[in-house]
Amino acid sequence: MNLLKLRNLHVTFKTEHKKVFAVRGVNFDLRKGEIVGIVGESGCGKSATAKALMRLIDVDDGQILFEDIDLAKLSEKQMQKVRGKRIGMIFQDPLSALNPTMKIGHQIIEAIRLHTNDSRTEAKQKAIDLLNQVGIPDAQLRYDQYPHELSGGMRQRVGIAIALSCDPQILIADEPTTALDVTIQAQILALLKELQHTRNMSIILITHDLSIV
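Going by the working numbering, 124 is the number at position 124 of the sequence shown; the sequence numbering is gapless.
Keep in mind that the hints were calculated from the coordinates and are not lab data.
Across the chosen pairs, the derived CB separations fall in these ranges:
(1) D181 / K5: 34 to 40 Å
(2) V39 / E67: 21 to 27 Å
(3) Q78 / D209: 33 to 39 Å
Cut-off 20 Å, straight-line C-alpha distance, at most; resulting in silico cross-link-like pairs (DMTMM-like, lysine to aspartate or glutamate):
(4) K5 / E67
(5) K85 / D167
(6) K18 / D60
(7) K126 / D167
(8) K85 / D68
(9) K193 / D209
(10) K126 / E194
(11) K5 / E34
(12) K51 / E41
(13) K32 / D167
(14) K81 / D167
(15) K193 / E175
(16) K32 / D70
(17) K124 / E110
(18) K81 / D118
We put the CB at the ideal spot given by N, CA and C, even for glycine.
Let the sequences and hints guide you as you build the complete structure.
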């Protein structure tokens, strides 16, 4: 059964002098528990496709069918119930995706409480559990640290924890291993595969590196 279907997706960006076609006629299906890879060189529209799917940028034409509901037609208020809760996203630069002035734990709590009725105490325990699940040692200690105190690999794991905070059905991983050394890349990819298996979660893996897929 297809969980997600993209049909003839088009996205354009307007510059001062012309219109740039970022995404032109993209089609793909994603089944429950499946991993789909989107591979291409930098600037070919991979990240634009992901952001359009999340409705972070405007869609010019086409359908984004999630459980047969067209996300392209939802209002922003309706989309807020999907974004982060049912479809999570890991961004390619975890340092810029995290708030540098807020402790790691508080950022995870914020994501949890945005979509649930959990108390702060419940959300804190869930945040620590998530840090453990994504392989961060000394989770209680890391909970009280700031992003700049963590390594690149650790920050990416925090980004994954935030994306998983509301147990989404689909996880979009946009270049999740960029700027990480080969050993850490392998660990992050193994973690995504494990999460896909244990949570029966669908993953869209975006990369410029065919060997990663």
